[in-house]
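Enquirer: The residues making up each chain are set out below.
2 protein chains.
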Amino acid sequence: MTATNTQTAALEDLLAFQHETEALAGISGRLEWDQETMMPRGAAEQRGEEMAALSSILHARRTDPRIGEWLAATDGAELSQVDAAKLRHIRRTYDRTMKVPARLAAELARVTSISQGKWAEARAKDDFAAFAPVLAEVVRLRQEEGTALADGGDRYDALVDDYEPDMTAAQLEAMFGEMRPRLRALREKVLEKPAPEGLTGEFDEDKQMALAVKLARTFGYDLTRGRLDKSVHPFSSGSGSDVRITTRTSATDPFNCLYSTIHEVGHACYEQGINPDYALTPLGGGVSMGVHESQSRIYENQLGRSRAFTHWLYGQMTDTFGDLGLDGPDAFYAAVNRVRKDFIRTESDELQYNLHIMLRFDLERALISGDLAAADLESAWNERFEKDFGYAVPRASLGCLQDVHWSVGLFGYFPTYSLGNVYAGCLHATMRDALPSLDSDLAQGDTAAATAWLRENVQQHGGLYRPAEVITRACGAAPTAGPLLDYIEAKFSELYDL
Amino acid sequence: MTATNTQTAALEDLLAFQHETEALAGISGRLEWDQETMMPRGAAEQRGEEMAALSSILHARRTDPRIGEWLAATDGAELSQVDAAKLRHIRRTYDRTMKVPARLAAELARVTSISQGKWAEARAKDDFAAFAPVLAEVVRLRQEEGTALADGGDRYDALVDDYEPDMTAAQLEAMFGEMRPRLRALREKVLEKPAPEGLTGEFDEDKQMALAVKLARTFGYDLTRGRLDKSVHPFSSGSGSDVRITTRTSATDPFNCLYSTIHEVGHACYEQGINPDYALTPLGGGVSMGVHESQSRIYENQLGRSRAFTHWLYGQMTDTFGDLGLDGPDAFYAAVNRVRKDFIRTESDELQYNLHIMLRFDLERALISGDLAAADLESAWNERFEKDFGYAVPRASLGCLQDVHWSVGLFGYFPTYSLGNVYAGCLHATMRDALPSLDSDLAQGDTAAATAWLRENVQQHGGLYRPAEVITRACGAAPTAGPLLDYIEAKFSELYDL
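Which chain is which? The protein sequence lines are A and B, in order.
The numbering of the first sequence is UniProt numbering, which starts it at 1 and goes up by one.
The numbering of the second sequence is UniProt numbering, which starts it at 1 and goes up by one.
Fair warning: there could be bad hints in the mix.
One copy or two, it doesn't matter: identical chains are merged, so the pair holds either way.
Unchecked claim - Straight-line alpha carbon distances no greater than 27 Å define the calculated BS3-like cross-link-like pairs of lysine-lysine that follow:
1. K230 / K189
2. K387 / K491
3. K214 / K99
4. K230 / K214
5. K125 / K189
6. K214 / K387
If you're looking for bench data, these hints aren't it; they were derived computationally from the structure.
Please take these sequences and the hints and turn them into a complete structure.
Expert: In structure tokens, the structure reads:
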């Protein structure tokens with residue numbers, strides 16, 4: 001059985017409408033990039049008006065009743081795999097958008113735009129109490145949204161599903177349950193050892209940027225379809241043939257610039273690597289936050305922080321900056337992977353990073369379920385941090401105010417970072433089997449085989465498969481935390497001589 | 001009599017709808033800026049799709065039948081001057097847009113996007129014949145559009161009206177008739193004199209840009225609501241609190257960078273100087289191309305190329321680049337204002353510039369009336385050029401292929417450049433009377449009084465008045481070519497010792 005004429009016409013109309021929506025959404029992303037990189041500071045208010053106008057157009061398109069009619073008209077049609085996947089995405093977005101009352105969507109947009117500012121002020125003053133009331137408001141609205149989306153199911157699951165389709169809190173809990181004891185045990189042993197030396201001194205920031213560009217190229221980022229600029233927080237933006245990344249520089253910490261660049265290059269290469277036939281369709285972007293993060297993490301960590309690659313990078317660094325004051329490439333490798341007692345998630349290492357996420361996962365579930373009141377977040381955070389990390393949080397900016405996420409309503413987002421690490425662990429293990437010369441390539445600064453493997457097995461598919469399916473197809477087995485944990489244990493045991 | 005409730009409601013709905021349309025149009029401008037400055041070259045096709053989606057949204061809004069209903073509902077309402085002006089603009093745009101069949105608008109967009117590429121190729125090869133067929137197509141479509149817009153009137157007038165409301169070919173012809181003999185007579189005398197020395201040598205391009213930024217600030221450009229970048233062709237883009245400009249650099253010709261900057265600063269200061277209450281309304285942009293050009297020209301020429309200001313600039317140049325190889329500030333003034341036998345409009349001087357425009361005005365009228373076939377343009381151009389300038393055009397890139405305008409369908413646009421010069425002449429004469437210390441200010445690099453006068457008398461009004469009315473209000477008399485011609489004759493007679 002094939003599609004009838006009516007079905008074919010409905011499909012064509014729906015995809016043409018979607019094409020225009022995707023193009024408009026691309027514009028929205030371009031403006032966000034501009035806002036963080038190029039926009040004059042005096043233009044913020046006007047830009048707010050422009051973005052509001054575009055959001056209103058996009059919202060109207062996403063709730064256009066014709067989408068429901070077209071979808072109904074295609075019901076039962078025999079579709080190609082690609083068209084079926086497109087319709088799956090369109091249906092999913094339409095269903096979710098229609099479930100959220102317009103009043104709630106508008107209220108969320110309004111409150112989160114205010115609360116981000118309140119968060120920034122509160123963080124600057126280490127004053128959680130100043131942030132708590134608006135946080136309570138954001139939580140209340142997201143609870144309401146979660147309930148609307150959940151159809152009687154768990155509302156936190158409904159929020160997670162926004163970032164990682166098919167994922168549930170129960171699955172995440174099982175995953176973290178496997179990870180927690182092994183990571184804590186390893187952390188304890190590592191922290192008993194003397195800490196390796198880090199970098200000292202100052203590093204010219206223009207030279208850092210020049211080296212960042214070189215690293216981006218080294219990892220296969222196509223600068224004819226992208227560009228690298230500076231911003232306060234590094235990010236990757238866009239898809240298809242216009243995928244831009246940013247990084248930042250600090251005179252005393254060149255690793256921040258360089259590894260932020262490699263991380264964003266991972267995100268960007270995913271977007272650049274998607275089958276160009278999917279451009280401006282629902283398949284033309286990364287399939288989920290978890291899979292996206294798997295790409296940024298594997299570029300940054302399993303490749304970028306490997307002994308082989310850091311040996312090559314050591315040569316680049318000394319060529320660029322002269323003597324680094326470290327005792328050769330192995331000391332450099334140790335400096336790159338140094339495990340320290342610290343507070344900040346984004347500055348954490350591969351070993352401790354997931355412990356930061358587990359803390360957030362538990363606290364945000366409690367906020368969304370209502371078990372934890374927003375006003376009590378700071379004390380709950382501090383208590384839990386001390387339990388997990390063994391020392392006290394001295395001030396809110398090093399504790400519960402360190403991340404922007406909750407202020408903008410991102411609940412259910414944090415676990416996708418760890419999921420990305422887990423996916424990266426699986427992909428890395430499979431890739432190592434497939435590429436026996438990986439380390440000798442990396443030691444030459446040659447990532448071509450690795451990035452080609454990722455493009456072939458993950459990136460090209462865009463939104464064609466479901467998130468877990470992407471990893472399962474690439475690895476031949478469903479994703480589990482085992483390979484990541486094995487990798488981390490092996491790496492840090494060797495590095496710290498355990 | 002005041003507005004009824006129904007009238008008030010219709011007015012509010014119309015202005016709210018228009019506000020969103022203006023915001024979306026602002027986004028379109030931002031993307032065009034990005035395309036010329038930041039966009040990776042591989043993104044062109046995708047950007048085309050994005051722009052097409054946004055254009056289609058904008059076209060749908062501009063032809064939304066509710067506009068007609070709202071306008072009808074406000075008929076007879078007693079309105080404030082500001083609201084009346086807003087409705088005048090909305091009605092004008094709506095009437096014009098509705099007169100052009102959708103099929104024709106789409107065909108024009110399609111053909112002009114192709115023809116611009118053909119023009120660039122033809123210009124690179126000096127091959128007019130390769131461009132003639134697509135030019136004929138563009139002319140045919142614009143003829144058809146002009147007829148649709150003209151309501152039985154003259155179709156060239158209808159096209160001019162797009163750029164300069166209320167202006168007609170007859171008025172332009174009378175203006176050029178007054179200008180031509182005086183400019184030709186002066187030109188002949190000047191060209192008999194020995195040409196002053198120009199700049200020689202090379203000028204660091206980063207230093208040119210740093211000086212360009214300083215000049216932009218000197219002329220009052222607010223960099224907190226704008227920015228200066230490089231592009232192939234200099235332009236100003238945006239309005240309100242986000243008005244960005246570009247310039248270009250050539251190692252051997254720093255005047256190109258610096259005077260392009262001042263020119264674009266004039267455009268940008270107009271947009272930045274508009275009453276902020278008009279932001280995102282039809283009054284929030286410059287009122288016409290002619291008035292816009294009056295601002296860029298008066299900044300660039302009457303102020304920027306004055307003896308007083310060039311004396312200050314000479315100091316800046318020698319501070320920046322060292323010895324210029326010229327015999328002091330008066331020789332520098334002569335170099336800035338040097339009149340040469342040349343072919344290119346954009347590189348022309350104040351004296352000859354309008355002769356270039358007159359040639360284009362007559363030829364494009366003949367193309368639009370049908371008296372001149374597109375295929376015959378090159379020979380007509382060359383014949384006319386030799387008659388006006390006294391020497392032959394050696395190749396098409398120095399002749400009829402030098403400007404992009406006709407390739408993108410801009411017929412009726414060229415005369416607004418001369419109109420801008422004429423308006424600038426009127427404003428300059430009035431401003432000189434009002435500001436007796438202008439030259440001593442300019443000699444210190446101080447443009448504050450001049451730019452404040454322009455802001456007060458021209459810029460702040462945005463679209464509140466009709467174009468000629470803006471000049472009439474500022475100068476106390478309707479605009480004529482007299483003041484510009486008097487100024488040019490006085491300046492070049494003195495400079496060339498006639």
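Enquirer: Each of the hints needs a verdict: does it hold here or not?
Expert: Verification of the supplied hints:
1. Proximity of K230 and K189 under a CA criterion of 27 Å is satisfied in neither setting, with 38 Å inside one chain copy and 55 Å between copies.
2. In this assembly of identical chains, K387 and K491 lie within 27 Å of each other by CA distance solely inside one copy; the values are 25 Å within and 82 Å between copies.
3. Taking CA atoms no more than 27 Å apart as the test, K214 paired with K99 passes in neither setting, with 46 Å inside one copy and 54 Å between copies.
4. For a Cα distance limit of 27 Å, the shortest separation of K230 from K214 qualifies both inside one copy, at 15 Å, and across copies, at 24 Å.
5. For the identical chains of this complex, K125 and K189 are neighbours neither inside a copy (36 Å) nor across copies (72 Å), given an alpha-carbon limit of 27 Å.
6. In this assembly of identical chains, the alpha carbons of K214 and K387 never lie at most 27 Å apart, being 42 Å within a copy and 57 Å across copies at closest.
Checked against the numbered hints above, the structure violates hints 1, 3, 5 and 6; every other hint is satisfied.
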